[in-house]
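Enquirer: If you want the building blocks of each chain, they are given just below.
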Amino acid sequence: AQSVAQPEDQVNVAEGNPLTVKCTYSVSGNPYLFWYVQYPNRGLQFLLKYITGDNLVKGSYGFEAEFNKSQTSFHLKKPSALVSDSALYFCAVRDRSGRGGGSQGNLIFGKGTKLSVKP
Amino acid sequence: NAGVTQTPKFQVLKTGQSMTLQCAQDMNHEYMSWYRQDPGMGLRLIHYSVGAGITDQGEVPNGYNVSRSTTEDFPLRLLSAAPSQTSVYFCASSYLPGTESTDTQYFGPGTRLTVL
Numbered sequence: 053a054q055s056v057a058q059p060e061d062q063v064n065v066a067e068g069n070p071l072t073v074k075c076t077y078s079v080s081g082n083p084y085l086f087w088y089v090q091y092p093n094r095g096l097q098f099l100l101k102y103i104t105g106d107n108l109v110k111g112s113y114g115f116e117a118e119f120n121k122s123q124t125s126f127h128l129k130k131p132s133a134l135v136s137d138s139a140l141y142f143c144a145v146r147d148r149s150g151r152g153g154g155s156q157g158n159l160i161f162g163k164g165t166k167l168s169v170k171p
Numbered sequence: 884n885a886g887v888t889q890t891p892k893f894q895v896l897k898t899g900q901s902m903t904l905q906c907a908q909d910m911n912h913e914y915m916s917w918y919r920q921d922p923g924m925g926l927r928l929i930h931y932s933v934g935a936g937i938t939d940q941g942e943v944p945n946g947y948n949v950s951r952s953t954t955e956d957f958p959l960r961l962l963s964a965a966p967s968q969t970s971v972y973f974c975a976s977s978y979l980p981g982t983e984s985t986d987t988q989y990f991g992p993g994t995r996l997t998v999l
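Respectively, the protein sequence lines represent chains X and F.
For the first sequence, my numbering begins at 53 and goes up steadily by one.
For the second sequence, my numbering begins at 884 and goes up steadily by one.
Bound conformation, chain F alone (with noise of 0.2 Å):
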């Protein structure tokens, strides 16, 4: 059981350029979402994911795209990567709020992402 993965670790990219932030949990889990973390303003939600096929915005979603095409990935993609999104990513994902004794959420490692 490696719980959440997310790949790749660190990354530096020139502005204009894009990528995908790979995100993969193995528990089965039905929400998905993901966070950056900047200094001094703690995590704040970008997108997030009940179920494979439906996404939703979080509350810093511009210049991010994400899909859920399976329960277990959940990719999120920079179009065209600018300086203000240099941070540090972070994936969770958990069981669907409602089951109160398993609806923590696990995090994971994350990426951290520099844009030139």
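For reference, chain X alone in the conformation it holds in the complex (with noise of 0.2 Å):
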């Protein structure tokens, strides 16, 4: 079955440290990966994704992420966290079971890190 694992419910940063929310997955075939980052009583904000190509991907607020298919990893990162990057994230995958039915336009996410950075 398809999966993807966010394994920290939380992560801590000082504002000014690099950050890094974690995110495995499991899939058939070659994956297709997202970030998005939900505010306070907010709705999902896409971050970045990987379809292809260079393994690293480059989003919205100096956010980024690395595929790593040996791994099955899609880590996002940050050189400098901001007070203002405090948000639930979420990573998820495209729907590759093959259901057929347009089945494949359905993402499969992970449980949400919350990521709180301290001045």
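Because the hints were derived from the structure by calculation, they are not lab data.
Note that beta-carbon positions come from the ideal geometry of N, C-alpha and C, so glycine has one too.
Heads up, incomplete: computed chain F residues facing chain X, CB under 7 Å, no partners named:
#1 Gly923
#2 Pro980
#3 Gly993
Need the complex rebuilt from these two chains, each delivered in its own frame; the hints are there to steer you.
Expert: Here it is in structure tokens:
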């Protein structure tokens, strides 16, 4: 079965320090991977995605993610964290189970990681 | 361009009541979906649609109905609300997969539902 795992419920970082939010995946075939961010009482906002090509993907707000096929990981990174980065982060993979009927449009989400950046 | 809109923002129901959560998008997206978000469980797919007149079940469809009469609208109906349906509901839309540069899903602001 296809799945996404975010092993950390919460990540705490001091402002100015680098941050990493971890994500591993299990899919059949080539993965299409996404990161979304959710600020309090808001909907999800797209950060970045990996479809193919360079393993390092750059996205919004200075975030980037590194795709590692051998480790089946897609960790989210930022060189210097800001207090305003504090939010809930979700990793997701596109459904490639091959059920048809348009199911390949569906996203399978991880449980989310709460990022807390302290001044 | 309003993106994806959802109404209402908040709703309290009693067990057994029915209601419809509204979702609309103005981006001419073929694909639309409904998720529920529960603490510690991420987002789980309820139903989705790849175009007007075409819907299918996701991971947790029980207790919910959907229809897609137009490209723009994708309402979610709770037929007989239960406390287990207390959750935050998100609607999302995108172009159909295959156009990788444009198939990013856009989410609405959510509806917070409490069933007593």
